[in-house]
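**Student:** First to last, the protein sequences are chains A and B.
Going by our numbering, the first sequence opens with residue 3, and the numbers climb by one from there.
Going by our numbering, the second sequence opens with residue 696, and the numbers climb by one from there.
Please note that a few of the clues may not be correct.
Stated by the list, open to error - Within a straight-line C-alpha distance of at most 30 angstroms, the following computed DSSO-like cross-link-like pairs (lysine-lysine) qualify:
1) K800(B) / K764(B)
2) K59(A) / K737(B)
3) K72(A) / K737(B)
4) K737(B) / K16(A)
5) K754(B) / K59(A)
6) K764(B) / K754(B)
7) K59(A) / K11(A)
8) K11(A) / K73(A)
9) K737(B) / K73(A)
10) K764(B) / K11(A)
11) K11(A) / K800(B)
12) K773(B) / K752(B)
13) K59(A) / K16(A)
14) K737(B) / K764(B)
To be verified - Quick look at which bits of chain A chain B covers, simulated, 3 or more residues with Cβ under 8 angstroms:
15) 18-30
16) 68-75
No lab work stands behind these hints: they were computed from the structure.
Glycine included, C-beta positions come from ideal geometry on N, C-alpha and C.
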Amino acid sequence: NAGVTQTPKFRVLKTGQSMTLLCAQDMNHEYMYWYRQDPGMGLRLIHYSVGEGTTAKGEVPDGYNVSRLKKQNFLLGLESAAPSQTSVYFCASSLSVLVELFFGEGSRLTVL
Amino acid sequence: ILNVEQSPQSLHVQEGDSTNFTCSFPSSNFYALHWYRWETAKSPEALFVMTLNGDEKKKGRISATLNTKEGYSYLYIKGSQPEDSATYLCARYSGGGADGLTFGKGTHLIIQP
Numbered sequence: 003n004a005g006v007t008q009t010p011k012f013r014v015l016k017t018g019q020s021m022t023l024l025c026a027q028d029m030n031h032e033y034m035y036w037y038r039q040d041p042g043m044g045l046r047l048i049h050y051s052v053g054e055g056t057t058a059k060g061e062v063p064d065g066y067n068v069s070r071l072k073k074q075n076f077l078l079g080l081e082s083a084a085p086s087q088t089s090v091y092f093c094a095s096s097l098s099v100l101v102e103l104f105f106g107e108g109s110r111l112t113v114l
Numbered sequence: 696i697l698n699v700e701q702s703p704q705s706l707h708v709q710e711g712d713s714t715n716f717t718c719s720f721p722s723s724n725f726y727a728l729h730w731y732r733w734e735t736a737k738s739p740e741a742l743f744v745m746t747l748n749g750d751e752k753k754k755g756r757i758s759a760t761l762n763t764k765e766g767y768s769y770l771y772i773k774g775s776q777p778e779d780s781a782t783y784l785c786a787r788y789s790g791g792g793a794d795g796l797t798f799g800k801g802t803h804l805i806i807q808p
């Protein structure tokens, strides 16, 4: 019973490099989210999706792109990483925002 | 209150004692209030989702209440155990799209044996 799986769990990048974080869920959820967690801050929404083929901007979308080509997968891309994107990234999924979110275990990204 | 605020930021409690903490939020445009338990090095796990004023929910030794008119929710832990040590997050959904879910910064609870 995998739930929400994020890969990779850890990554170190140099400024300007690109990378993609993958989130996969096996619960047939329509809603998927990417959050970032920084010290002293609450979880902040980067982008979200309300179904296959749809994406929308959250609170802090700049510098990130996303895609939801398959219902079970939500990809977060950094085209040109910056030190300000050093953070822990959490993916989540849910049936709707009126019910509980299921979170992945997080991906720690360091940009040097 | 403009944002979701949680107090206190951190809390040390003796094992066996009961404790509670607060989530305050704007009372306008309220749809739902979520509580999550987040252990270190793990992912947040849902405790409760409440939607109605006066809602009370319970899971084992943990319970929560909701007052949507005045904009607050309390989380109670009865007879704290070391395994209750975690950060407790609340989040308010104010409608619109999925970006209407706003998280507080959490209350970090440490249970001392």
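**Student:** Decide, hint by hint, whether the structure agrees.
**Tutor:** Against the structure, the hints come out as follows:
Simply put, K800(B) and K764(B) have alpha-carbon atoms about 22 angstroms apart, close enough for the 30 angstroms limit, and the pair holds. Using a Cα cut-off of 30 angstroms, the hinted pair K59(A) and K737(B) holds, with the two alpha carbons roughly 26 angstroms apart. For the suggested pair K72(A) and K737(B), the alpha carbons sit about 26 angstroms apart, so the restraint of at most 30 angstroms is met. Taken as a hint, the K737(B) and K16(A) pair is honoured in the structure, with Cα atoms around 27 angstroms apart against an allowance of 30 angstroms.
Only pairs whose Cα atoms come within 30 angstroms are accepted, and K754(B) paired with K59(A) is rejected, the gap being roughly 34 angstroms. In summary, the hint linking K764(B) to K754(B) is supported, as the alpha carbons are separated by about 24 angstroms, within the 30 angstroms threshold. In summary, the hint linking K59(A) to K11(A) is supported, as the alpha carbons are separated by about 24 angstroms, within the 30 angstroms threshold. Our distance criterion of 30 angstroms between C-alpha atoms is met by K11(A) and K73(A), whose separation comes to about 22 angstroms.
Distance restraint check for K737(B) and K73(A): the Cα-Cα separation of roughly 25 angstroms lies within the 30 angstroms cut-off, and the hinted pair is therefore satisfied. Among the hinted pairs, K764(B) with K11(A) is inconsistent with the structure: their alpha-carbon atoms are about 41 angstroms apart, more than 30 angstroms. With a C-alpha separation of about 23 angstroms, the suggested pairing of K11(A) with K800(B) holds against the 30 angstroms cut-off. At most 30 angstroms may separate the alpha-carbon atoms for a hinted pair to count; K773(B) and K752(B) meet this at roughly 14 angstroms.
Between K59(A) and K16(A) the alpha-carbon distance is near 25 angstroms, which keeps this suggested pair within the 30 angstroms criterion. In summary, the hint linking K737(B) to K764(B) is not supported, as the alpha carbons are separated by about 34 angstroms, beyond the 30 angstroms threshold. Beta-carbon proximity to chain B at under 8 angstroms applies to 0 residues in the stretch 18-30 of chain A; the threshold of 3 is not reached and the given coverage is violated. Residue count for the stretch 68-75 of chain A with a Cβ under 8 angstroms from a Cβ of chain B: 0. That is fewer than the three needed, and the coverage hint is violated.
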